[in-house]
Structures are given as C-alpha cells and as structure tokens.
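4 protein chains.
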Amino acid sequence: MSKGTVVLAYSGGLDTSCILVWLKEEGYDVITFLANIGQEEDFDAAKKKAESLGAKKVFIEDLRAEFVEEFIWPSVQASAIYEDRYLLGTSVARPCIARRQIQIARQEGAQYVSHGATGKGNDQIRFELTCYALYPEVKIIAPWRIPEFYNRFVGRKDLMEYAKKHGIPVPVTPKAPWSMDANLMHISHAPADLYLMTKSPEDAPNSPDVLEIEFKKGVCLSVYISSSHVVGLFSPLVQLGFMIQRRHGVGRIDIVENRFIGMKSRGIYETPGGTILYHAHLDIETFTLDREVRRIKQGLGVKFAEMLYNGFWYSPECEFVRHCIDKSQESVDGKVQLSVFKGQVYILGRESPKSLYNEELVSMDVQGDYDPCDASGFIKINAVRLREHHRLQGEHRSKH
Amino acid sequence: MSKGTVVLAYSGGLDTSCILVWLKEEGYDVITFLANIGQEEDFDAAKKKAESLGAKKVFIEDLRAEFVEEFIWPSVQASAIYEDRYLLGTSVARPCIARRQIQIARQEGAQYVSHGATGKGNDQIRFELTCYALYPEVKIIAPWRIPEFYNRFVGRKDLMEYAKKHGIPVPVTPKAPWSMDANLMHISHAPADLYLMTKSPEDAPNSPDVLEIEFKKGVCLSVYISSSHVVGLFSPLVQLGFMIQRRHGVGRIDIVENRFIGMKSRGIYETPGGTILYHAHLDIETFTLDREVRRIKQGLGVKFAEMLYNGFWYSPECEFVRHCIDKSQESVDGKVQLSVFKGQVYILGRESPKSLYNEELVSMDVQGDYDPCDASGFIKINAVRLREHHRLQGEHRSKH
Amino acid sequence: MSKGTVVLAYSGGLDTSCILVWLKEEGYDVITFLANIGQEEDFDAAKKKAESLGAKKVFIEDLRAEFVEEFIWPSVQASAIYEDRYLLGTSVARPCIARRQIQIARQEGAQYVSHGATGKGNDQIRFELTCYALYPEVKIIAPWRIPEFYNRFVGRKDLMEYAKKHGIPVPVTPKAPWSMDANLMHISHAPADLYLMTKSPEDAPNSPDVLEIEFKKGVCLSVYISSSHVVGLFSPLVQLGFMIQRRHGVGRIDIVENRFIGMKSRGIYETPGGTILYHAHLDIETFTLDREVRRIKQGLGVKFAEMLYNGFWYSPECEFVRHCIDKSQESVDGKVQLSVFKGQVYILGRESPKSLYNEELVSMDVQGDYDPCDASGFIKINAVRLREHHRLQGEHRSKH
Amino acid sequence: MSKGTVVLAYSGGLDTSCILVWLKEEGYDVITFLANIGQEEDFDAAKKKAESLGAKKVFIEDLRAEFVEEFIWPSVQASAIYEDRYLLGTSVARPCIARRQIQIARQEGAQYVSHGATGKGNDQIRFELTCYALYPEVKIIAPWRIPEFYNRFVGRKDLMEYAKKHGIPVPVTPKAPWSMDANLMHISHAPADLYLMTKSPEDAPNSPDVLEIEFKKGVCLSVYISSSHVVGLFSPLVQLGFMIQRRHGVGRIDIVENRFIGMKSRGIYETPGGTILYHAHLDIETFTLDREVRRIKQGLGVKFAEMLYNGFWYSPECEFVRHCIDKSQESVDGKVQLSVFKGQVYILGRESPKSLYNEELVSMDVQGDYDPCDASGFIKINAVRLREHHRLQGEHRSKH
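So the sequences go chain by chain: Y, W, R and G. When you read off a place in the first sequence, starting at 1, and then add 162, the result is the number in the working numbering. When you read off a place in the second sequence, starting at 1, and then add 162, the result is the number in the working numbering. When you read off a place in the third sequence, starting at 1, and then add 162, the result is the number in the working numbering. When you read off a place in the fourth sequence, starting at 1, and then add 162, the result is the number in the working numbering.
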C-alpha cells in the first residue's frame with residue numbers, strides 16, 4: 163500500500179539516486195523529474211538510470227527556452243546582482259525548475275515533492291517557497307532535513323555503501339557534487355573545485371573577441387560576434403556564443419556571501435554569458451534611461467536581487483517589482499559594442515535610437531540652448547541650505 | 163584701485179593662465195593656488211609661470227596626505243561608486259582642493275575665489291558648493307559662465323591669441339585639457355584621448371602580480387606586493403604600488419554618465435589603485451560585516467556616492483552619512499589576497515580576526531549547533547504569506 | 163509693436179492684476195487664464211476685471227474633474243505625504259493648472275507664460291517645471307524675480323498705489339493673499355491668518371458623523387454619509403461631503419517644512435477631505451495589500467511625495483512611479499467605515515472582497531493549516547546570525 | 163531529579179500560572195520573573211501567587227526607568243512607527259523584559275527560559291530573538307508551541323479546569339488576556355475589548371490642555387502642563403502627565419497589521435503618551451534638522467521600526483541604526499507647545515536655539531542675502547533633463 167506519489171527532482175547523481183531508492187523503501191511511488199536548463203548532462207543515461215532504480219515515471223524536460231525568456235531576461239533587465247558581486251546564476255534557475263516540478267505533480271496527482279538540497283543552503287528555500295506558492299497544499303520531503311535520513315547518511319561513504327547494496331551505479335571518478343548547479347548562465351563550485359566552465363584568463367587567447375549585443379526593452383535581442391549574426395544569446399546557436407565567452411575566462415569570482423539562513427559561505431562562480439550581459443545592459447541602460455528613473459529602478463533592482471537570492475520569485479512583491487522593472491525598460495533599446503579579453507569585458511561604444519545623450523547639448527564648444535549663467539543660480543540655490551547650516555554652526559561656535 | 167583679491171585655482175595650463183591675466187585686466191589682485199594631489203606636474207615651472215604672469219602670491223600646496231586620509235579613505239569605506247561604474251576619482255578631489263583654497267582666501271583676506279571649470283560640468287558645482295559651505299560670504303568668479311568672458315573666448319584659438327598677446331607661454335604640443343583631473347587615484351579624459359595612466363591590458367605583462375592588502379576599520383593600512391611590504395598605499399612609496407597597478411591596465415572604463423545638471427556625458431576614466439581598493443574592500447567587508455548591517459550601509463553608500471558626485475561633500479547630510487559609514491566599518495579588519503592581471507582583479511582569499519565566517523557552522527559534514535529541522539519551520543513560516551496570496555487569487559479565479 | 167503674447171495665470175487679486183497691467187506696459191499682449199479647481203471665487207467678476215484691465219482674451223476653465231481624477235486620486239493611491247505631515251494640497255494643483263495654461267499658450271500661439279508666484283517659494287518651481295516639460299521652448303516671465311519689477315513693488319503699498327494709478331480695483335477689505343492656494347482638497351495660509359476652511363474642533367458638533375468610503379483600485383469610488391449615497395467625493399455633490407468634513411475641523415496642521423530651494427518655512431494648512439481620504443485609503447490598503455508589496459510601494463510613495471512637492475509631476479521618474487503605484491493598487495478594493503469627530507478621524511472597520519485578512523488563520527483558538535512548531539524553526543533560523551554575532555563579540559571580549 | 167531550572171516570564175494571570183505548574187509537573191525547577199514596566203498590577207499579590215504555586219524564586223523587577231531611557235527614548239528619536247500607524251508600544255517592551263529575564267537566568271544558572279506567548283504572534287519572536295542574541299546557548303520552552311501542551315489546553319475551559327485541579331486561583335471576573343501588553347507607553351487589546359487606558363473623545367473634557375515638551379538631542383527632557391513643571395515624562399510624576407493625556411482620549415487606533423510570520427491581524431491600541439511624543443518630536447525635529455539629514459534619518463527610522471516590530475532590537479543592524487539615529491539627533495533641541503483635545507494633538511508652536519528656520523531669509527518682504535534671479539537658473543537647470551526627455555519623445559512621436 164503506497165503512502166502516495168512523490169515527484170523527485172532528480173539529477174542522475176549519487177545523492178538523488180539514493181533518495182529515489184530510499185523514498186521507495188519508505189513506501190512512496192516515485193516519479194523523477196530532470197530539467198534541462200543547459201547543463202552538460204547525458205539525459206538519456208539519466209533516464210535509464212531512474213527507470214532501472216524503480217521510478218514509476220521519468221520526466222526529462224527541456225526548459226531552456228523558458229529559463230532564458232522568463233527568468234534570465236528579467237534578471238538582466240534588473241541588473242540583478244547580490245551583494246554587489248554574485249549574478250545569481252543558481253538562484254534564477256530554481257523557480258524555473260520547481261515550477262515545472264509542481265506542474266508535473268499536479269498533473270500526475272502527486273501530493274508530495276522531494277529534492278536533494280541540503281539543510282543549510284539556500285536552494286532548499288528557493289525550491290520550497292516556489293512549491294508552496296504554486297501548490298499551497300503540497301507536502302515536501304526534504305531528506306537532508308529528516309533525522310532518519312541524515313543520521314543514516316552521515317558521509318559520502320554511507321551513500322556509496324547504500325548505493326552498492328541497492329544496485330545504484332556508483333561513479334568511478336566521482337562526479338563533482340555541483341552538477342545540479344550548472345546551467346546556461348553559470349556554474350557554481352565547491353571551493354575546492356577547479357574552474358570548469360571558463361578558461362583561465364592566463365590561458366585565454368592573446369587577442370580579444372569583439373561582440374555587439376542588441377537590446378530591445380532591456381532584453382537581449384541578438385548577438386553579433388566578429389560580424390556574424392547569432393540570433394538569440396541562448397538559442398540553439400548559443401553554443402557558439404558561449405564558447406567564445408568561455409574561452410576568454412570571463413565571469414570568475416571567489417566570494418563570501420550571506421545565505422538567507424544567516425550564515426556566511428564561500429562560493430566560486432563562473433558566469434561568462436551573464437557577466438557580459440550584465441555589463442552590456444548596464445551600458446545601454448545608462449545611455450537610454452533618464453537619470454532619476456534609473457535611480458529608482460536601481461533601488462528596485464537591489465530588492466529584486468534579494469528576493470531572487472532568498473527564493474521569493476513567486477511572491478506578490480517579486481511579481482510587482484518585475485512588472486515595475488519591465489516598465490522601466492521601455493526605452494532601453496540599442497546596441498553595445500564590447501571586447502572580451504583575458505577575463506575582462508571592455509565597453510567600446512553604444513548607439514540607440516532612444517538615447518538621451520545629446521552631443522550638442524553637452525559639447526563645450528556649443529552653447530546651444532543652454533545658458534551657462536543658469537548654472538550660477540542653480541549652484542547658489544543649492545548652497546542656500548549649506549550656508550544656513552554653516553551660519554548656525556558659526557553662531558554656536560561663537561557662543562562657546 | 164583694485165576691485166579686491168581673488169584666489170584662483172590655477173593649473174598652470176593655458177585656460178587658467180588666460181584667466182589669471184584676464185582677472186588682472188578686470189581689476190583684481192590675483193593669488194594663484196595649485197594643489198598637488200598626485201598629478202604629474204612640474205610645480206616649480208607652474209609657480210614661475212604664475213609669478214611671471216603677475217600673480218600677487220603663488221601657493222603650491224602638497225595635499226596628498228590629506229587627500230588620501232580625509233577623502234579617499236572614506237570613499238573606499240563607502241564603496242562609493244556612481245551609477246554602478248564610476249569610482250569618483252575626480253569628484254573626490256574637488257572638496258579637498260576647494261577647502262584649501264578657501265583657507266587661503268580667508269587667511270589672505272580675499273573676498274573672491276575663481277576657477278576655470280566650464281559652465282556645463284560637474285566640477286563648477288563641486289567646487290562652488292564647497293566654497294559656499296565653508297565661506298558663505300565668498301564671491302565666486304567663474305569666467306566660463308560670464309558672457310564677457312565666454313563670448314570673447316569662443317574656441318581654443320581665441321585663448322591662444324590672447325595668450326600670445328599677453329606673453330603667456332603657449333604649449334607647443336598642446337597639453338591635454340584633462341590635466342587638472344589627474345590625481346593619485348585616477349585620471350579622466352576627453353573621449354578622444356588615449357589612455358594615459360594605465361597600460362593597455364593587451365600590452366600588460368603575461369604573468370600576474372599578487373598583492374595583499376590589509377585593512378583596519380575599512381581603511382587600507384598597508385600593501386604587500388610579492389611579499390615586500392609597502393607601507394601606505396598612497397605614501398611616498400606609493401609610486402611603486404602604482405606602477406604595478408598601472409602596468410596591468412586595471413580600472414579603465416568608457417561610460418556615459420548623468421551629470422548633476424541633467425545632461426548625459428561620456429567619460430573615459432582610469433582608476434587603477436581605486437579599482438583594486440574597491441574590490442579588496444568589498445571582499446573584506448562582506449567577510450566581516452553582518453549581512454543586515456552591510457545592507458543598510460550599502461544603501462548609505464549609494465547616497466554618499468551621489469552626494470560626492472554632485473558636490474555635497476561639505477553638507478550636513480554628507481557629514482552624517484560619513485559618520486554612519488565609518489561606524490559601520492568598526493569590524494572591517496583583515497587581509498585580502500588578490501592577483502592583478504591583464505586589466506582584471508581576482509580575489510584569491512581573505513582572512514580576518516573578526517570574520518563572521520564560521521567554517522564549521524556552514525560545513526555540510528558537521529551539523530554542529532544547527533538543527534536542519536529548523537529550516538523546515540523557517541521555510542513554512544516564510545510561505546504563510548505566499549500561500550495566503552495564492553489562496554486569494556485562487557478564490558478570485560474560481561469566481562470568474 | 164507687440165513683444166509677443168503672454169498667457170498669465172490670473173487670480174483676480176491685486177498682485178496678478180498689477181502684473182497684467184505691467185506686462186501690457188512692457189509691451190506684451192496678455193491673455194489671462196483662471197482655473198477653477200474648487201476655490202471659492204466669483205469667476206464672472208474676475209473675468210470682467212481682466213477684460214477691463216485690457217486682457218486680450220480671458221480664459222476661465224473648470225478643471226475640477228481632471229484635478230480630482232488625474233491628480234488627487236494618484237496622490238491618494240500613493241498616500242502622498244511630505245515630511246510625514248503635509249498632504250500636498252497646494253503642490254498637487256500646480257501641474258494641473260500649468261498644464262492647461264500651456265495648452266492655451268500653444269493653442270493661442272503664445273511664446274510666453276507668466277505667473278505671480280514669489281521668488282522664494284515652491285510654486286514658481288512647480289509651475290515652471292511643468293511648463294518647461296510640456297512646452298520646452300516656452301519663455302517664462304516671473305515678475306517677482308525680475309529686478310525692475312520687484313524693486314519697484316517693494317511692499318504692498320507700492321502695488322496699491324500702482325493699482326490706483328492704473329484703475330485697478332483695490333480690495334476694500336484686503337483679501338488674504340492665500341487665495342490662489344485654495345482648492346477642492348485644501349487651503350493654505352500665511353501663519354498670521356485664521357483657519358478658514360474648517361470649523362474649530364472646539365466649535366465642532368458634539369456628535370460624530372459616520373462615513374463609509376468605497377475604494378476601487380485604490381481610488382475613491384463613492385462616499386456614504388449616514389447612509390445617504392454621495393457619488394464621487396469631488397463631484398457636484400461634493401459640497402455636502404465637504405461641509406460635513408469641514409464642520410468637524412479635520413485636517414488642520416501648523417508645521418515647519420523644508421522648501422525645495424533649501425529654506426525652512428512655516429505653513430498652516432487645512433485639508434479636511436484629503437485627511438479623511440488619507441486615513442481611509444491607508445486602512446483599506448493595509449487590509450488588502452500583501453505586506454511586502456506595501457513596503458515597496460511605501461518607499462515609492464515617499465519618493466512620489468518629494469517629486470510632487472518639488473514640482474516634478476511631469477518628469478519621467480514621476481510618470482514611472484505613478485505607473486508603479488497604480489499597479490500596486492490593483493487589489494485595493496473595499497469599504498472603510500469611519501467616524502469624524504472634533505478634528506479627528508476614527509477608523510471603525512473595513513471590508514473587502516480581496517482581503518488577505520484570514521480570521522481563521524490568525525485565530526488563537528483554531529490551529530487551522532498552521533503548525534506552531536514551525537515558528538520554533540523560524541525563530542531559530544532567524545537567530546543563527548544573531549548568535550554568530552554574539553559568539554564573535556564574546557571571543558573578542560575574552561581576548562581583551 | 164530536576165531536568166534543570168527555568169526562568170518563566172510570569173504575569174500573574176491564568177495562562178502563566180498554569181504554565182508554572184505544568185513546568186513543575188514536567189520536572190523543572192521554576193523561577194518566575196515579573197517586570198514592572200508601568201502596567202497596573204498588584205505585584206505583591208502576583209509574588210504571593212507565584213510562591214504559593216511552587217516557584218523556587220520570585221523576581222519582581224522595576225524596569226520602568228530603563229524601559230523609558232533605553233527603549234522608549236530611542237524609539238521616539240526614530241519616530242518609530244510600523245506601517246504608518248502603530249507606535250510599537252508592545253514591541254518596544256519585549257527586549258527590555260527579555261534582557262532582564264536573561265540576566266536572571268545567567269545569574270541563577272538556569273539553562274532554560276519560558277514564556278506564555280502564543281505560537282502565531284509576534285511576541286514569541288521578539289522575546290526569543292532577544293534571548294538567543296544575549297544568551298546563545300539558552301534553551302527556550304514555549305508551551306504554546308509544544309503539542310503536549312497546546313493539545314491539552316485547547317480552550318480557556320481546559321485551563322480553568324487545570325487551574326482548579328492544581329489550586330491555581332481562578333479569576334472571578336476573568337481578567338482580559340491583554341494584561342501583559344499594558345505598559346507605561348501603551349495598551350493593546352483584543353478587538354472585542356473596550357478601550358481601557360484612554361477616555362472616549364466624546365467623554366473627554368470640553369476644553370483642551372496645553373502642554374510644553376522640551377527636547378534635548380531628540381529625547382524628551384521635561385514636560386510642562388499648564389505651566390507646572392513635570393520633570394521627566396515617565397518619572398514618578400508621570401502619573402499626572404498620563405492622566406492628562408488619557409483623559410483626552412489621544413492615541414486610539416483600530417488597525418489591521420502585518421505580523422512577522424506573514425499573517426494579517428487586527429489590533430486595537432491606545433498610546434496616549436507615545437502619540438503626543440511622536441507629534442512633538444516630529445515637530446521639533448523638522449524645525450532643527452537639515453532637510454537632507456532628516457530624509458536619510460527618516461529612511462533609517464522606517465527600517466528601525468521594522469526591526470523593532472520583528473524582534474531584532476538586539477541585532478547588529480539595530481544597534482547600528484540606533485547609533486546613526488542618535489547621531490542625527492544632536493541638534494534636536496527645543497520646546498514644542500501643543501494642545502490636547504478630544505483625541506487629537508495640535509501643535510501650537512515651537513522654539514529652538516538650534517533652529518535652521520530663518521524668518522528673515524524666508525520672508526517675502528526682505529530679500530536679505532537671497533537673489534530671486536538665482537531661482538531662475540535653478541529652475542532652468544532642473545528643467546534641462548525634463549526638456550531633453552520631452553525632445554526625445556517628440557522625435558519619437560513625429561516618426562510614428
């Protein structure tokens with residue numbers, strides 16, 4: 163007699179394979195779900211493995227298009243960056259994956275979902291808040307927070323033994339545990355790992371590649387690399403684009419960040435495409451947006467980044483902020499030229515039909531419709547408050 | 163009969179030399195003032211030039227120490243960056259220079275100050291707000307905003323002719339007009355210029371330099387380059403430090419920015435030392451500051467950067483914010499290791515006696531004083547609001 | 163030969179009557195424009211007066227509907243309040259008036275607009291920024307900033323003499339100079355004046371009136387007073403509503419505020435209807451909006467109030483913020499019951515089809531779908547950071 | 163054999179009396195602690211009751227002075243108000259009470275603390291975060307979150323029966339359960355209750371009382387009521403002050419608020435003294451603070467209010483923000499005159515040796531050191547951006 167059906171976020175790796183078998187042992191019917199968000203993975207092999215381990219159904223879903231369009235683009239529009247450095251490549255994938263998992267759970271009549279995220283990390287939160295928001299009655303099984311599970315599997319050795327005992331194929335060269343965190347945009351590592359996605363800047367080519375990126379309403383429309391048109395940065399042709407970015411070693415960071423649960427943790431990230439897009443978007447945005455609109459939008463972007471990091475993509479506030487940010491991007495159209503070289507992105511120029519940059523107005527040689535005398539009044543009125551402040555302080559000084 | 167005494171911010175260049183003579187023509191006694199804030203300049207030659215042009219007195223002041231300690235350090239503490247990209251190397255020098263100019267004006271009994279900043283730029287504002295704040299009764303002569311002046315000197319040619327007529331030495335190879343904007347921290351250019359301070363990343367050495375920077379209360383205490391101790395990044399030994407940073411091509415940006423007066427303008431900046439310090443400070447700060455303190459401080463830093471850019475260093479709000487930011491840095495002590503290579507700064511590691519990073523707490527292998535079950539409650543309570551929102555939307559959907 | 167045509171914002175009072183004649187003297191053709199925004203005024207008399215003084219054309223425009231719908235409603239949605247106290251009743255009328263003035267100027271081919279606002283106040287800025295934003299080529303004649311004018315009319319006596327000389331009817335009992343600042347929403351006074359719009363709370367009735375206000379998307383839909391339906395708070399039936407609010411003495415404040423030009427000034431305001439709407443809207447908003455959406459919207463509202471106060475209604479940032487705030491109000495539907503008594507508004511209750519208030523969820527007697535144990539985890543995870551902070555401080559204490 | 167010692171926050175009421183006995187049943191030694199923060203309570207009776215129920219030790223602590231000086235004053239300085247309406251009278255008492263409870267626990271060697279707060283409210287969080295922050299190793303027993311307890315005591319009837327069985331005196335007229343929420347500043351109610359602290363405005367006296375409140379660095383120094391000096395608003399003479407405030411019915415609100423755990427709940431609050439102080443402080447602050455300092459401080463105050471509401475008084479960020487706010491108040495000195503009448507506070511005037519209000523500067527009759535022409539330049543420069551925006555939109559319109 164089954165306890166019910168669980169949809170398990172399955173990576174094909176050791177951890178979630180063990181969880182699959184353990185859930186069956188516990189009396190659940192298990193459906194596995196593996197999202198293709200651009201990571202390098204042998205999806206067929208993963209499917210066969212899940213089936214051989216007793217999954218009742220196996221879903222392999224290509225989410226790349228929706229991942230880019232519904233999740234990455236809004237993040238680029240927002241210039242989303244956490245604590246001034248992290249481009250949120252892992253965070254942005256979580257709601258995309260969990261949404262589909264919930265769709266499968268509803269469609270298959272499953273009351274349970276499960277995942278292999280640890281009990282100290284951010285991903286458990288991102289995953290589960292999405293699930294609760296989209297399927298409030300769902301029950302979540304998080305084995306790494308269940309004492310019977312985590313006390314049984316204290317180290318990797320315990321998982322290996324369990325795997326051997328239950329016929330779970332054990333990786334010969336143990337695949338790095340970060341595998342679930344790789345996607346189209348980014349890869350994250352345990353500190354001990356080597357960088358995997360990007361070339362070392364030292365080994366990168368000795369001449370730059372020149373790109374042109376075109377934006378429409380703050381969203382990347384197309385990319386030209388050394389003049390050849392690449393439609394859609396994350397389209398099927400994306401591989402080309404990524405190879406180029408990867409070979410220049412762009413987007414590597416080694417940081418300490420603050421998790422939502424209140425710990426500091428070290429993270430090593432490679433975000434080649436995201437880094438280039440961040441810089442290009444920033445440039446075209448400053449070029450086309452009014453100063454004060456941008457300032458307000460910047461504040462909203464900081465909030466958006468926190469929501470995204472903390473797992474609140476599917477919250478009323480995040481929906482509201484995404485709407486506002488999208489509205490702010492209406493005039494963010496244009497092209498940015500940049501070069502990529504030895505780990506760095508250099509903006510070379512930009513052009514836009516909607517630019518507020520007025521060469522004549524700003525020129526030192528042309529007065530145009532600008533009267534320099536006005537600046538005197540502007541400065542003097544701005545000084546009224548400062549002079550009053552000084553006057554008062556002077557009075558106080560003279561009294562004491 | 164003199165109209166009074168003017169203290170003129172004098173650069174030694176063509177513009178301010180013409181202004182010097184013009185002010186004399188207009189009937190003023192002129193005292194020139196030239197600040198040494200680390201720019202490459204032949205100060206003796208400038209002194210002689212001013213004297214030969216009839217300056218009543220000539221002040222050449224070495225402000226390097228106070229520039230670093232009172233202006234650059236607070237900016238580094240604040241992670242001051244304007245519109246996400248510009249490290250404010252010009253902005254931060256203005257109040258330092260204008261403060262001394264005001265001190266000279268008071269000491270010499272001058273009622274006037276003058277400068278050569280244009281009528282469309284930010285520098286006029288930074289300069290004059292400082293003057294009004296510190297010497298509210300001062301009168302400011304800004305020739306580039308006086309019709310008699312700017313209508314007479316429409317182009318460079320007019321200045322050259324005036325110079326020849328009045329015995330002002332004319333530069334053979336015309337020195338770039340940015341000369342006043344170079345300082346210890348940074349250089350800014352007109353777009354047409356070549357980069358001058360830093361090497362091109364393409365021509366930079368093929369192997370990185372490794373630095374260690376030590377911070378105390380968010381302020382840079384010392385720098386070690388390849389193990390040799392360099393006391394004080396901007397001290398007499400600064401040259402060494404700068405050469406190393408410069409030869410790696412760090413800190414070049416080409417941006418469009420929003421001026422205070424409401425125009426967009428293009429700026430080319432080189433900020434080698436400032437860029438390295440920005441990254442190093444950011445790293446040690448995230449390592450040592452509590453998450454929420456940092457978040458509040460980050461918001462204050464954004465405000466500080468705007469004040470700095472707009473010229474409000476000597477305002478009550480900027481004094482207040484500097485105090486708050488300084489307070490936030492009490493625990494920002496430690497060392498950051500980084501490598502500098504081909505235009506990029508890579509953080510290699512950090513250490514601190516005051517770190518909140520707790521390796522045991524964050525470890526996946528050690529539960530320590532952390533109960534993973536708590537995370538379930540944390541997530542479920544965070545989901546209360548999201549589920550209510552969904553419930554309400556569901557009700558509405560079912561009604562329509 | 164005319165210098166051109168000026169559209170003058172004309173109040174019918176002494177000041178703008180003198181300005182009308184003075185502009186003619188200066189060689190302009192003058193068109194007067196008087197907006198009806200709900201102030202008590204004899205518009206016919208004003209029209210005749212302007213004609214008799216030589217206005218080429220006289221426009222009297224009833225802007226009450228657009229004033230309410232396009233300006234007051236967005237301000238109520240925003241909970242717009244300046245420096246925590248001032249409900250912006252004067253500020254919100256300015257862009258409405260100036261917009262129509264600009265429409266008239268364009269339609270009549272006038273290159274000039276003029277107004278009687280003083281050179282130290284906010285209204286000149288609100289007025290002129292609207293004009294420049296909507297008609298960038300317009301030329302503005304602000305007599306109180308023109309030395310020939312303000313040096314000639316140093317005091318009221320000079321105006322009176324000028325009036326007598328030019329056949330301008332002089333008020334016998336001098337009408338208070340605040341007349342232009344009265345409108346549907348509010349009245350503002352010079353400090354010396356008596357309150358005019360509202361009854362003194364001491365003289366107010368000894369029993370409260372009970373109102374019910376209905377909102378739809380954050381906008382006031384209708385008002386019921388003691389059960390009789392009043393459609394539209396500012397509609398023709400508004401008089402009734404206002405009389406009731408006025409007779410209870412609601413909305414009087416005596417404050418010192420910070421003007422945009424940097425001075426502090428004292429203001430006495432009466433805003434009966436605006437005060438009631440502010441409280442009613444705040445109540446229904448908190449009832450229906452998600453907590454975090456409201457928090458973000460609150461921040462936007464603070465910014466909106468500053469823009470409104472400073473005259474930036476027609477700016478890209480204000481348009482953006484109005485859009486965002488309007489979006490936030492999508493679910494702000496419902497009814498608020500309140501009583502008005504002796505100068506105070508008391509919320510009695512509220513109801514809404516879109517409320518997130520869930521009596522069962524919050525009840526202490528019903529657990530419902532809420533597990534109190536989750537709160538333990540929530541609290542302990544929130545404490546992780548606090549305990550780490552304490553641990554570190556303890557270590558430091560033990561070392562010293 | 164005892165399980166250990168618990169320090170129980172004891173109110174003397176039915177709930178915590180039952181908890182006392184239940185803890186003993188569970189095998190703990192119980193120390194009770196009752197804080198005097200100004201609530202009306204028979205402390206002697208409470209002491210005897212606790213002793214008779216088997217408390218090992220009974221602490222009755224008069225915290226009124228520290229409550230006012232260390233908790234209420236900083237809140238007044240901050241203008242702390244939650245969601246624009248709630249003056250945080252309950253929130254601000256919690257860290258004060260919990261701090262002493264922790265001191266007692268440490269001093270008595272108790273490893274446990276306990277309280278009677280429910281599992282859905284804010285107080286459990288405020289209480290426990292303080293405990294964890296100040297005593298990270300403490301163990302907390304929250305019976306209303308322990309299934310064995312809350313499943314046994316489902317309704318009030320179960321508590322009554324338990325009380326009878328264990329000789330706990332049962333109140334004849336059941337005392338309202340809000341008793342713990344009354345303090346010097348405020349009282350909070352269950353919605354069904356009557357207002358208890360303040361008179362109904364309808365029954366309030368028909369003539370106002372006039373007060374003068376003196377501030378020093380943003381803190382209330384003394385109060386004069388109808389000319390008689392009352393030293394310290396919360397000092398022993400506080401009763402007089404409170405009676406006066408209470409008899410005018412000031413500070414009643416009926417609101418729906420957002421709890422930290424994500425629910426909306428209705429609250430009825432009476433905050434007579436706090437409301438008067440809020441308005442008086444706001445007035446003197448706007449009078450004496452620079453506009454921009456106040457704006458930044460206002461943002462910090464909003465954050466402070468959230469921290470206070472959510473229970474983060476003893477957090478690094480709240481300590482930081484309190485420091486900053488205190489710094490901002492350095493010049494907030496002066497006296498405010500106000501009248502209290504029928505539920506409302508009217509500011510009558512204010513004076514300060516540190517005011518930035520400059521009557522001459524703001525006067526319309528005196529130009530003083532102010533040149534109205536400067537305002538033209540100020541406005542025109544502010545319009546540069548708006549005109550550019552319009553120009554661009556015009557271009558776009560003309561193209562389409």
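Be aware that a few hints might be false.
Which copy is meant is left open, because identical chains are indistinguishable; a pair holds if it fits in one copy or across any two.
[Said to hold, decoys possible] Simulated crosslink set (SDA-like; lysine to any residue; CA at most 25 Å straight-line): (1) Lys301 <-> Pro534; (2) Lys516 <-> Glu419; (3) Lys379 <-> His485; (4) Lys186 <-> Ile415; (5) Lys186 <-> Thr280; (6) Lys379 <-> Tyr244; (7) Lys165 <-> Ile330; (8) Lys361 <-> His328; (9) Lys489 <-> Val381; (10) Lys326 <-> Leu444; (11) Lys516 <-> Asp246; (12) Lys219 <-> Ala207; (13) Lys497 <-> Gln555; (14) Lys165 <-> Val220; (15) Lys378 <-> Tyr440; (16) Lys219 <-> Arg247; (17) Lys516 <-> Arg421; (18) Lys361 <-> Leu510; (19) Lys219 <-> Lys361; (20) Lys516 <-> Val381; (21) Lys378 <-> Glu419; (22) Lys516 <-> Val316; (23) Lys516 <-> Asp371; (24) Lys497 <-> Pro515; (25) Lys378 <-> Arg453; (26) Lys361 <-> Arg262; (27) Lys165 <-> Asn368; (28) Lys516 <-> Gly429; (29) Lys516 <-> Arg428; (30) Lys361 <-> Asp206.
I should point out that these hints are in silico values taken from the structure, not numbers from a laboratory.
* Hints the structure fails to honour -> 4, 8, 10, 16, 19, 22, 23, 26, 27 and 30
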